[in-house]
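A.B. asks: So the chains spell out like this:
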Amino acid sequence: MKNVILSAKALCKSFAHNGGQVHILTNIDLDLYEGDFTVVMGASGSGKSTLLYTLSGMDRATSGRVMLGDEDLASAGEKRLAELRHTKMGFVFQQMHLVSNLTLFENVAVPGYLNKNIPAEEIRARADELLEKMNISHIKTHLPSQVSGGEQQRCAIARAVINKPELLFADEPTGALNKKNSGDVLELLTGLNRNGQSILMVTHAPRAALRANRLLYLEDGSIIGELDLPPYDEAEEKSRISQVNAWLSSLHW
Amino acid sequence: MELSILLKANIKYKKGSFISVMILTLIIVTTAAAVLGVRKNYQSALKTAQDGAEVGSANIYISARSLDEDLLDKVRRSSLVDKAEVYDSFVNTGKTVFPRYSDENSYFFFVMRDGLKLYSPGHDSFEDTIPELNKGEIYLPYGLRSKMDCTEGDIIRSEFAGTVREFRIKGFLQEPVHGSSMIGWKNVFISRSDYDEICRIVEAAESETNTKLFKQVKVFKADSGLSDAKFLRQLNLETGIVSKSTGSLTNEQSERYTGLFMNIILDVVLGFVAVLFVIVLIIIAHSIRTEIEMDYENLGILKAQGFTNRKITQVILLRYILAEIIGMAAGIILSVPLERSLSGIFMKTTGILPDRSIAFGGTALIVLGIFLLSAGLVFFSARRLARISPVRAISGGREDIYFSSRLTAPITKRGLTASIAYRSFTSSLGKYIGILFITALLTFFTVTVNVMSSAINSRSALESMGMYYDDISLRAKDSQELLSRIDEIERTVEKYTPIEKKYYGSAVYLSVDGENIMCEVWKDVNFLPGLLKGRLPLYNNEILVTISAADALDLEIGSRVTVSRKTQEESYIVSGIYQTGNDAGYCTAMSLDAAKRIGINSLSSFGLVLADTSEADQIAKELNSRYGELLTATAHRFEDDLYNDTLMSAARAMRIMIYAFSGVFALVAVIMVCTKAFMQERTDLGIYKSIGFTERRLRKQFAVRFLIISLAGSIVGAAAGALFSDDLLNLIFSLFGVNRVTTDSTPLTFIGAGSFITASVTLFALLTSRRIKKVSIRELITE
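Protein sequence lines, in the order shown, are assigned to chains Y and E.
Be aware that the first sequence starts at 182, since it is given in the numbering used here, and climbs by one per residue.
Be aware that the second sequence starts at -8, since it is given in the numbering used here, and climbs by one per residue.
Simulated from the structure, these hints should not be mistaken for lab results.
Don't take each hint at face value.
As the list claims (entries may be wrong) - Below 20 angstroms or equal to it, Euclidean Cα-Cα: the simulated DMTMM-like pairs (lysine to aspartate or glutamate) are:
#1 Lys404/E x Glu303/Y
#2 Lys764/E x Asp309/Y
#3 Lys404/E x Glu264/Y
#4 Lys297/Y x Glu686/E
#5 Lys404/E x Glu415/Y
#6 Lys260/Y x Asp675/E
#7 Lys260/Y x Glu686/E
#8 Lys764/E x Glu407/Y
#9 Lys765/E x Glu303/Y
#10 Lys691/E x Glu264/Y
#11 Lys203/E x Asp73/E
#12 Lys691/E x Glu259/Y
#13 Lys269/Y x Glu686/E
#14 Lys765/E x Glu310/Y
#15 Lys765/E x Asp240/Y
#16 Lys235/E x Glu415/Y
#17 Lys404/E x Asp240/Y
#18 Lys514/E x Asp545/E
#19 Lys764/E x Glu332/Y
#20 Lys209/E x Asp73/E
#21 Lys235/E x Glu76/E
Stated by the list, open to error - Here are some chain E residues the structure puts well away from chain Y; computed CB gaps all over 12 angstroms:
#22 Asp59
#23 Glu118
#24 Leu407
#25 Ile682
#26 Gly683
#27 Leu722
Ideal Cβ placement from N, Cα and C applies to all residues, glycine included.
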């Protein structure tokens, strides 16, 4: 039996528009489990990015609850949310968003420094280890503008996990990368997941979705499909592709 | 069509800078239009008053005994004179006692005549008819109302040849020649019965009294093209009437002295507007630069769609012009009440009820100037548009950051906020130097405004007008001895407080190129106030002349004059033109060393200006006890002088206006700079938020950064102010015809300005940083 790390109950999100309400998310009940690599798919405008913001506390739900462990993100103040972001959550964005005037090493280390309980030496050692793991330690003193997009995204992943978050949120992490770099990034995320990192990723790339052990399909603000898969194994990729494609076809993808 | 769509979008998304430019323009136009309006309304009202009263080219005051028929006939027959009118008068040179103060200036009494206007009880209009004066009633010129703090119904008292008479003030007149509080001699009007009665008393007096029968000869020059001063000198050379008179006042002198205080203060305010405008231009240039950087992507997209640099520049230009038009329109409307209240303040000194109109011509020129200069600046600043490449803009937006600085320090866990703030500096030095420059400029501006305001505190304004005021005056019992022991006396004073200025001088009449003219002799000419052109005398063969004297004697800087006294005669060179309150500005001045050449070896008046006036009474007491056989020392309190109080309230009003506008101006500029910086850093702030930085920490980091920049900028600005503000002010004032202003700056002037800007920038950075709350991490997500 897996532990639930994040749970959404009756989650709704709507926006006021032209005097009326546009419903983006409708009554979503969702549990995310420890150690899972969960991928949310859906067509453009289906609400998958909004689901990511709302689950991660970046945006407040119109109604419903989002529990991270025992804590309701809906009632957490800004200060607490900031604390959660550098203790229990990590974020990877499509456009990397590294701080342009910090070196790759500093970009990774800075969120670690926010953690009062971890000594600076340990953060530096962790950052070095992660950069090594991401295969970018040789360019750690470079600025973001001096490295490739793939290298920037690897640095962003290292930054997201420096504080060993309970849940890593990834928003189209391969969306701005070429095929080679996309593969590298997905490999790194898979590796992290194998080591126990829980991940929630939003994507519309089926290749990226293959890495998940749990797939959710969102349409018009509701989860209309779910597919459980065994953990990713490269040797079984072909059968996995068929399985995922069949599932997506059944959902009129 | 496409321009209007882009313009609307541009205004909508750049509301902040649109409103800021609008407010800054509003401040400039409000101030400039009000100042021009005050001057125009005063000048037109003065002209109407002069025409109504038929003031003539000069008034000569001559004792009734000296003006015989022959002399008057000569004057009337002179080809220089169009006509001459004679009015009977008697002068009282004794004290005139008002309810609260008394005046020792000469009052010329007349029977009421046509051409003058009577103020209504509210003093904001004129009565249609002037009620006849009854026995015991008097009409006074309006300038006396503020000068002597009197009002309708008050009783004033004078002694005429031993007989004390009381008059009830029936009303105040607009008298355009001597009516200003800046001119000492006054024309007052009484009933025929009082006039005749006092004349009889004076005629019956057996000995010399303080009241004499006089004639006022009003002369109108023929159209000879001569200035009033030259006309009067020529007339005197022909007839000798001025030499036989007690005094004269040309219309030009009267005009100059009536509006002197107002003009000096308005010049300062116009100088302030000029400084303000230069800073607005610099801020607009900075704003356009940062906007282009921030809008790189959108501008690139527009270029990719076929918009030319010219078209995009037009959009930027139209936005600024539109903001300026709104600011100008509002400024012109606001200038009306401001002009009214300023005019009301100056009416106290001029005695002239100003007209009520807007100075359209002058304002239109200023508006046109603002349009042209800002349009030129927009075109100049928008050159950067040419560097925008559509391809790079669409693919990534603004330039990547590459920097390699020796100043770079590592990011550390301890002092994380400070180390990140410091990194922001070293990585974007250009941007921060820009902000530092603006902060330095604002500080320099505030210093300049402080220094400028000090030029219109009443004491400085008096000095700029060529008048001086001392805190302790020494009346010599033996002037030679006093002069020889003056160093010892100064040392006694300096035991209490440093001496700031020493006014040791005499006023003697000398013959200058054959004209009998007052000469101010100064021990140290460096303290002489009121220099307008040229320089103070350095050598003992140099002399200063006033504008009136230069005009009458046909002199300019470098001219040679022959000065004679008794049997001695020497040649002097005119080193400068100055103004003075003595003899209605018909005067010359030289150093004691220069005066010694014609036999003047002693001085009659000794005045000291103290750094700390609080001990003036104590100092006077000690001087009287130690040097009682040599002198009588008297302490004065500048503020206790009612006349100064009138000037002080006018000056204070101007200072309040300048400070209020400067404050609003500086704050708008600071908000503009902070907002722009915030917009530039918005993405980075979102990133920091996403990795767990709290709003509080980010706000602190933002504000601390601005504190450091503004502190550095303020230091640079204050230092520049200390070095250059005086020179800049004198340069600005010279554009308005004032060649030297007396300013009075202390270390507090610079520290205060620096602190004001630093505190404002930090405060507004902190307030602007509240917007960090609105920076959502969602903005980092690409949909």
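A.B. asks: Hint by hint, say whether it matches the structure.
C.D. replies: Hints, one by one, checked against the model:
Among the hinted pairs, Lys404/E with Glu303/Y is consistent with the structure: their alpha-carbon atoms are about 11 angstroms apart, no more than 20 angstroms. Proximity of Lys764/E to Asp309/Y is assessed by CA-CA distance (about 33 angstroms); at most 20 angstroms being required, the pair is judged violated. For the suggested pair Lys404/E and Glu264/Y, the alpha carbons sit about 16 angstroms apart, so the restraint of at most 20 angstroms is met. Restraint check for Lys297/Y and Glu686/E: satisfied, since their Cα atoms lie roughly 17 angstroms apart, inside the 20 angstroms limit.
Proximity of Lys404/E to Glu415/Y is assessed by CA-CA distance (about 40 angstroms); at most 20 angstroms being required, the pair is judged violated. Between Lys260/Y and Asp675/E the CA atoms are separated by roughly 18 angstroms; this keeps the pair inside 20 angstroms, and the hint holds. Using a Cα cut-off of 20 angstroms, the hinted pair Lys260/Y and Glu686/E holds, with the two alpha carbons roughly 8 angstroms apart. Note on Lys764/E and Glu407/Y: the hinted pairing is violated, with a Cα-Cα distance of about 36 angstroms set against a maximum of 20 angstroms.
Taking the CA atoms of Lys765/E and Glu303/Y, the gap is near 34 angstroms; set against the 20 angstroms cutoff, the hint is violated. Distance hint between Lys691/E and Glu264/Y is fulfilled; the C-alpha atoms sit about 17 angstroms from each other, no more than 20 angstroms. Between Lys203/E and Asp73/E the alpha-carbon distance is near 29 angstroms, which puts this suggested pair outside the 20 angstroms criterion. Distance check on the hinted pair: Lys691/E and Glu259/Y sit about 16 angstroms apart at the alpha-carbon level, within 20 angstroms; holds.
Between Lys269/Y and Glu686/E the alpha-carbon distance is near 18 angstroms, which keeps this suggested pair within the 20 angstroms criterion. A distance of roughly 35 angstroms separates the Cα atoms of Lys765/E and Glu310/Y; the hinted pair therefore is violated under the 20 angstroms criterion. For the hint pairing Lys765/E with Asp240/Y, the CA-to-CA distance comes to about 12 angstroms; that is within 20 angstroms, so the pair holds. For the given pair, Lys235/E sits about 123 angstroms from Glu415/Y by alpha-carbon distance, which is inconsistent with the 20 angstroms threshold.
With a C-alpha separation of about 29 angstroms, the suggested pair Lys404/E and Asp240/Y falls outside the 20 angstroms cut-off, and the hint is violated. Pair hint Lys514/E plus Asp545/E does not hold up; C-alpha atoms about 27 angstroms apart against a cutoff of 20 angstroms. Our distance criterion of 20 angstroms between C-alpha atoms is broken by Lys764/E and Glu332/Y, whose separation comes to about 31 angstroms. Taken as a hint, the Lys209/E and Asp73/E pair is honoured in the structure, with Cα atoms around 11 angstroms apart against an allowance of 20 angstroms.
Between Lys235/E and Glu76/E, the direct Cα distance comes to roughly 17 angstroms. Compliance with the 20 angstroms bound is thereby established for this hinted pair. A cut-off of 12 angstroms between C-beta atoms confirms that Asp59/E is not in contact with chain Y; the least separation is 94 angstroms. For Glu118/E, the non-interface assignment is confirmed: its Cβ lies about 65 angstroms from the closest Cβ of chain Y, beyond the 12 angstroms cut-off. Chain Y draws Leu407/E into its interface by the beta-carbon criterion, the shortest separation being 5 angstroms against a cut-off of 12 angstroms.
With 12 angstroms as the threshold on Cβ separation, the claim that Ile682/E sits away from chain Y is violated: the shortest Cβ distance comes to roughly 4 angstroms. Listed as a non-interface residue, Gly683/E fails to keep its Cβ farther than 12 angstroms from every Cβ of chain Y; the least gap is roughly 3 angstroms. Listed as outside the interface, Leu722/E is consistent with that label: its C-beta sits roughly 42 angstroms from the nearest C-beta of chain Y, beyond the 12 angstroms cut-off.
In summary, the structure is inconsistent with hints 2, 5, 8, 9, 11, 14, 16, 17, 18, 19, 24, 25, 26 from the numbered list given earlier, while agreeing with the others.
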